[in-house]
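Q: As you go down the protein sequences, you meet chains S and V in turn. Counting from 1, one number per residue, gives the positions in the first sequence under UniProt numbering. Counting from 1, one number per residue, gives the positions in the second sequence under UniProt numbering.
Hints are not guaranteed to be accurate.
Identical copies go unnamed one by one, so any copy, or any two together, can satisfy a pair.
Pairs of lysine-lysine, BS3-like flavour, derived with a Cα cap of 27 Å [unchecked claim]:
no. : residue 1 : residue 2
1   : Lys-274   : Lys-395
2   : Lys-167   : Lys-376
3   : Lys-307   : Lys-395
4   : Lys-376   : Lys-327
5   : Lys-136   : Lys-395
6   : Lys-305   : Lys-376
7   : Lys-376   : Lys-274
8   : Lys-5     : Lys-167
9   : Lys-274   : Lys-327
10  : Lys-167   : Lys-356
11  : Lys-395   : Lys-305
12  : Lys-136   : Lys-274
13  : Lys-136   : Lys-327
14  : Lys-136   : Lys-218
15  : Lys-305   : Lys-25
Keep in mind that the hints were calculated from the coordinates and are not lab data.
Protein chains: 2
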Amino acid sequence: MSVMKAAGVVVEYNPLHNGHVHHLKETRRLTGADVVIAVMSGNFLQRGEPAFIDKWMRTELALCSGADIVFELPYRFAVAQASEFAEGAIGILAAARCGMFCFGSEDGSVEPFRNTLRLLQEEESGYDAEVRRIVKTGISYPAALSRAYRSIADVSADAGPLADLTKPNNILGFHYMKAASSITPEMAAFTIERTGTGYHELGADPDSGIMSATAIRKAVMAEGLTSDVLHAIPDHTADALERFRKAHGGFGGWDRFWPILRPLIIRDGASRLKEVAEMTEGLEYRIARAAHEASSYTEFMGAVKTKRYTWTRIQRILTHILCGMDKNEFSRLSHPRYLRLLGMTAAGRTYLNQNKDRFGLPLLSRAASTDDPMLKADIRASDLYAIGTGDRPGKDFRTPPIIAD
Amino acid sequence: MSVMKAAGVVVEYNPLHNGHVHHLKETRRLTGADVVIAVMSGNFLQRGEPAFIDKWMRTELALCSGADIVFELPYRFAVAQASEFAEGAIGILAAARCGMFCFGSEDGSVEPFRNTLRLLQEEESGYDAEVRRIVKTGISYPAALSRAYRSIADVSADAGPLADLTKPNNILGFHYMKAASSITPEMAAFTIERTGTGYHELGADPDSGIMSATAIRKAVMAEGLTSDVLHAIPDHTADALERFRKAHGGFGGWDRFWPILRPLIIRDGASRLKEVAEMTEGLEYRIARAAHEASSYTEFMGAVKTKRYTWTRIQRILTHILCGMDKNEFSRLSHPRYLRLLGMTAAGRTYLNQNKDRFGLPLLSRAASTDDPMLKADIRASDLYAIGTGDRPGKDFRTPPIIAD
Numbered sequence: 001m002s003v004m005k006a007a008g009v010v011v012e013y014n015p016l017h018n019g020h021v022h023h024l025k026e027t028r029r030l031t032g033a034d035v036v037i038a039v040m041s042g043n044f045l046q047r048g049e050p051a052f053i054d055k056w057m058r059t060e061l062a063l064c065s066g067a068d069i070v071f072e073l074p075y076r077f078a079v080a081q082a083s084e085f086a087e088g089a090i091g092i093l094a095a096a097r098c099g100m101f102c103f104g105s106e107d108g109s110v111e112p113f114r115n116t117l118r119l120l121q122e123e124e125s126g127y128d129a130e131v132r133r134i135v136k137t138g139i140s141y142p143a144a145l146s147r148a149y150r151s152i153a154d155v156s157a158d159a160g161p162l163a164d165l166t167k168p169n170n171i172l173g174f175h176y177m178k179a180a181s182s183i184t185p186e187m188a189a190f191t192i193e194r195t196g197t198g199y200h201e202l203g204a205d206p207d208s209g210i211m212s213a214t215a216i217r218k219a220v221m222a223e224g225l226t227s228d229v230l231h232a233i234p235d236h237t238a239d240a241l242e243r244f245r246k247a248h249g250g251f252g253g254w255d256r257f258w259p260i261l262r263p264l265i266i267r268d269g270a271s272r273l274k275e276v277a278e279m280t281e282g283l284e285y286r287i288a289r290a291a292h293e294a295s296s297y298t299e300f301m302g303a304v305k306t307k308r309y310t311w312t313r314i315q316r317i318l319t320h321i322l323c324g325m326d327k328n329e330f331s332r333l334s335h336p337r338y339l340r341l342l343g344m345t346a347a348g349r350t351y352l353n354q355n356k357d358r359f360g361l362p363l364l365s366r367a368a369s370t371d372d373p374m375l376k377a378d379i380r381a382s383d384l385y386a387i388g389t390g391d392r393p394g395k396d397f398r399t400p401p402i403i404a405d
Numbered sequence: 001m002s003v004m005k006a007a008g009v010v011v012e013y014n015p016l017h018n019g020h021v022h023h024l025k026e027t028r029r030l031t032g033a034d035v036v037i038a039v040m041s042g043n044f045l046q047r048g049e050p051a052f053i054d055k056w057m058r059t060e061l062a063l064c065s066g067a068d069i070v071f072e073l074p075y076r077f078a079v080a081q082a083s084e085f086a087e088g089a090i091g092i093l094a095a096a097r098c099g100m101f102c103f104g105s106e107d108g109s110v111e112p113f114r115n116t117l118r119l120l121q122e123e124e125s126g127y128d129a130e131v132r133r134i135v136k137t138g139i140s141y142p143a144a145l146s147r148a149y150r151s152i153a154d155v156s157a158d159a160g161p162l163a164d165l166t167k168p169n170n171i172l173g174f175h176y177m178k179a180a181s182s183i184t185p186e187m188a189a190f191t192i193e194r195t196g197t198g199y200h201e202l203g204a205d206p207d208s209g210i211m212s213a214t215a216i217r218k219a220v221m222a223e224g225l226t227s228d229v230l231h232a233i234p235d236h237t238a239d240a241l242e243r244f245r246k247a248h249g250g251f252g253g254w255d256r257f258w259p260i261l262r263p264l265i266i267r268d269g270a271s272r273l274k275e276v277a278e279m280t281e282g283l284e285y286r287i288a289r290a291a292h293e294a295s296s297y298t299e300f301m302g303a304v305k306t307k308r309y310t311w312t313r314i315q316r317i318l319t320h321i322l323c324g325m326d327k328n329e330f331s332r333l334s335h336p337r338y339l340r341l342l343g344m345t346a347a348g349r350t351y352l353n354q355n356k357d358r359f360g361l362p363l364l365s366r367a368a369s370t371d372d373p374m375l376k377a378d379i380r381a382s383d384l385y386a387i388g389t390g391d392r393p394g395k396d397f398r399t400p401p402i403i404a405d
């Protein structure tokens, strides 16, 4: 049998919709890969939110929709800023011998990303100084990155077309490219243009059959599986949403986790919250105070939010509080340590059999008793997710990889 | 105006019943005191349980039933083994210039306690060695104390009548006497015999109008304010129970706090649980494992309990987990630091005015912003109690001392 070629994608599928199906199809077509490997966030996501449905169901959906292998992106990278999210994901794809990867972006072409990467590498010290200067004026870090980038780009007309780093998928794409260039420069990058509505937009274009995951979650929470939603998701997703809702009386989300989060904050108090991963000086007091006073998650976030911190960063910190990830643990776990298999198709299994001896990291099919500190953090996060959604903890030990035929 | 004489009592009132009213009356009669000062546990009790109704309501009941002043026994002593509970309480009574104290006991006379105290002081080294020997055989510490005591008592016939230290109130009484003898030997001790059913007995003797607090809680949970219960408690207590139930949809107790406790345990894991106050080596693993598997508090305790640890000790450890009390903080807070006033009658106020300049500790009428680490722990415990009973945190800041006229 000839050697199979693999292409990687980095995904969250919260939940999986038609745009994601398109991305998987196009990845296979553009790269000519025999198998598509998805590195997927577990039960907590990069925006610092509990997943709408759990990682096992999302794995099923991925396998039904064109992915052949799903590896879990460990909590340490899944709930982290874009650069670390990307480094973890690309590190895993590299260890799994992916020669190619493909991401969705607003730009839809890798050239502007290459130019941007080269420009920022050339101008690194000037860029860094500019970022530091802007952050000191009280602007959030991501906004400062974007401003510094614009001021560098303005004076570098000869760099060629640059990626628009104000767009959320472009930002992630840029970080994938950057991570790949340092971890595995031989990995070929592809991108497809994201179709339909933007990531944060809540509107839907019913005719296109594309809604953002955010819009889908919002609609499902408010009105259930409306015809617009059904038009924007595969049948598998509709079925999974229905099963999850029936089994758990609702979906994952902060409103539902607030009754667990709040006593954790109140018990720990500012002095212990200070130690939580990604906590910035002073924010622990705002969080502790708001938890005492707020009677709902919305009220709580309203009291915590300031211009200085992005919503996403605050939510990631809350996720770290919930899942017990402190600064120490976070910094100790700097690189991927395993390939955690959540599911595979028959083709995926063949690929794993062909390549497992060549993988750069150990392949884990089961979470069974381990002392690996990175896996322990994944399992802890899963257990907290289970508690929050009224499920039994220990699911990582009970659940074998999903096999799709 | 002549100098007022004060007698102290150490109480939990969970909830206050006719036996407690009798104790307050007898304390006043036997000691001839002008005012009775109650040192009362806050929202968590010595047996490691959330109070059935909160400390403010229990303060009201105390003031309606014969106490003139209620001071809060800080969490550090309220949720601690008998010796520390007693040292904290007697230390507070001493600081409040109580010349006398009176406790309920099975023995009903102070003489056997004096003999026991003298005997154990004389035989201290033999006693300690015997306790250590018995604990090593796998027996719980309190059971070992009791056995060692019996073996010492057996060979000391000339010590005079000794207290029966297998009885729960005798044990506490012994520790009050012991604490007083070292902190304030000039404080006169009195005891009255506890009437009616024993502390742990669930049966009731309807004719006597006496039920144990445990029996009352059990009956109220199962059937509400039955005629037996109403016969065993003052009207004030019946009214308070009804108000608490209406305001909070139920009462304080572990079943109700389990949904908060469980995620704390699962998040912290054995490695962090190890640091919790009173945690004994190895128990953290049992607790962590049981929290994963159990679906109710009863199931959880069934899985944690072994002969080696008393139920009470395990529950205190759970309380420390819930309230965030770790070994470090516990050992740093070794002595009372203030007299926290929860309520007073007119006579109580006169006593405070007469004596406040002579008190051995600062008098706190309000919890308002403080950096005192002992008070912070009290407030944190109150806040967790509020969360567990569906109340708003911060009650310590909002609630002035109860004034009864």
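Q: Indicate, hint by hint, whether the structure satisfies it.
A: Now for the hints, and whether the structure bears them out:
no., hint, result
1, Lys-274 / Lys-395, "between (30 Å within a copy, 25 Å between copies)"
2, Lys-167 / Lys-376, "neither (34 Å within a copy, 46 Å between copies)"
3, Lys-307 / Lys-395, "neither (39 Å within a copy, 31 Å between copies)"
4, Lys-376 / Lys-327, "both (16 Å within a copy, 25 Å between copies)"
5, Lys-136 / Lys-395, "neither (44 Å within a copy, 38 Å between copies)"
6, Lys-305 / Lys-376, "between (31 Å within a copy, 26 Å between copies)"
7, Lys-376 / Lys-274, "both (22 Å within a copy, 17 Å between copies)"
8, Lys-5 / Lys-167, "neither (31 Å within a copy, 76 Å between copies)"
9, Lys-274 / Lys-327, "both (9 Å within a copy, 19 Å between copies)"
10, Lys-167 / Lys-356, "neither (37 Å within a copy, 66 Å between copies)"
11, Lys-395 / Lys-305, "between (34 Å within a copy, 25 Å between copies)"
12, Lys-136 / Lys-274, "within (21 Å within a copy, 41 Å between copies)"
13, Lys-136 / Lys-327, "within (23 Å within a copy, 40 Å between copies)"
14, Lys-136 / Lys-218, "neither (36 Å within a copy, 60 Å between copies)"
15, Lys-305 / Lys-25, "neither (39 Å within a copy, 56 Å between copies)"
Consistency note: the structure conflicts with the earlier hints numbered 2, 3, 5, 8, 10, 14 and 15.
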